[in-house]
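Colleague: Those protein sequence lines, which keep their order, are chains A and B.
In terms of the working numbering, the first sequence is residues 7 to 122.
In terms of the working numbering, the second sequence is residues 16 to 125.
Quick caveat, the hints were computed from the structure, so don't treat them as lab data.
For glycine and all other residues, C-beta sits at the position ideal for the given N, C-alpha and C.
It is possible that part of the hints are untrue.
[Unchecked claim] Some chain B residues close to chain A (C-beta under 7 Å, calculated; not the full set):
id, residue
1, Cys-27
2, Gly-30
3, Arg-31
4, Ile-54
5, His-55
6, Pro-59
7, Phe-115
8, Gly-118
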Amino acid sequence: SAVISQKPSRDICQRGTSLTIQCQVDSQVTMMFWYRQQPGQSLTLIATANQGSEATYESGFVIDKFPISRPNLTFSTLTVSNMSPEDSSIYLCSVSGRERNNYGYTFGSGTRLTVV
Amino acid sequence: DAKTTQPPSMDCAEGRAANLPCNHSTISGNEYVYWYRQIHSQGPQYIIHGLKNNETNEMASLIITEDRKSSTLILPHATLRDTAVYYCTTGGTSYGKLTFGQGTILTVHP
């Protein structure tokens, strides 16, 4: 399966600031997925990022709050903008193994964000 | 994506089989059933997936009912390190997204 490096692993940020999370994959993938996991909750998909096009956002998530870049087939960033304490969550990126004839999805280790 | 329903929590004795159920009654014909687990806020770990036949790998077995409306993940000999949140989800064979339900907190006790 793919190997994903996600950073930072954790951060504590002041409200009103922005944080950019990076996700690097060891192989080229068509689609990358960004999830949010609020404390004690399940994973919620934020958006799907394709290389060369704008990300597709799920209901309740907007580009102004969570801008995403996908400059190439191995890298993506998610920015959490104008943060508030409600944004304190774990953010995870994920890729599908479909392109390697493996149907499992691989997740990064996550970024634990605390907004104070 | 089909919605999945799982019991919120289950207990299992170490060394015994853990059988985790999942209902996915709205699954469509081309959707796979996936199982993942998450150990204490790490990224979810892929366990197994299946379409209609039962599947087994080094981690677990997956039993899918004939009507595909439910499935059971079996950990044949649970260990303390299997304590985690287990997620059942469904997804297509393309590059599509996964939608996660609330999962089952499995606690394996000595």
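Colleague: Now look at each hint and say whether the structure bears it out.
Modeller: Taking the hints in turn, this is what the structure says about them:
Interface hint status for B:Cys-27: violated, as the beta-carbon distance to the closest one in chain A is roughly 21 Å, over 7 Å. At its closest, the beta carbon of B:Gly-30 sits 27 Å from a beta carbon of chain A; the interface hint therefore is violated under the 7 Å criterion. At about 26 Å, the closest approach between the beta carbon of B:Arg-31 and any beta carbon in chain A exceeds 7 Å, and the interface hint on this residue is violated. Evaluation of the B:Ile-54 hint against chain A yields a violated restraint, the C-beta minimum of about 11 Å exceeding 7 Å.
Checking B:His-55 against chain A by beta carbon gives a least distance of about 11 Å; that is not within 7 Å, so the hint is violated. At its closest, the beta carbon of B:Pro-59 sits 5 Å from a beta carbon of chain A; the interface hint therefore holds under the 7 Å criterion. Among the interface hints, the one on B:Phe-115 holds; its C-beta lies about 4 Å from the nearest C-beta in chain A, closer than the 7 Å criterion. Nearest Cβ of chain A to the Cβ of B:Gly-118: about 6 Å, under the 7 Å cut. The hint holds.
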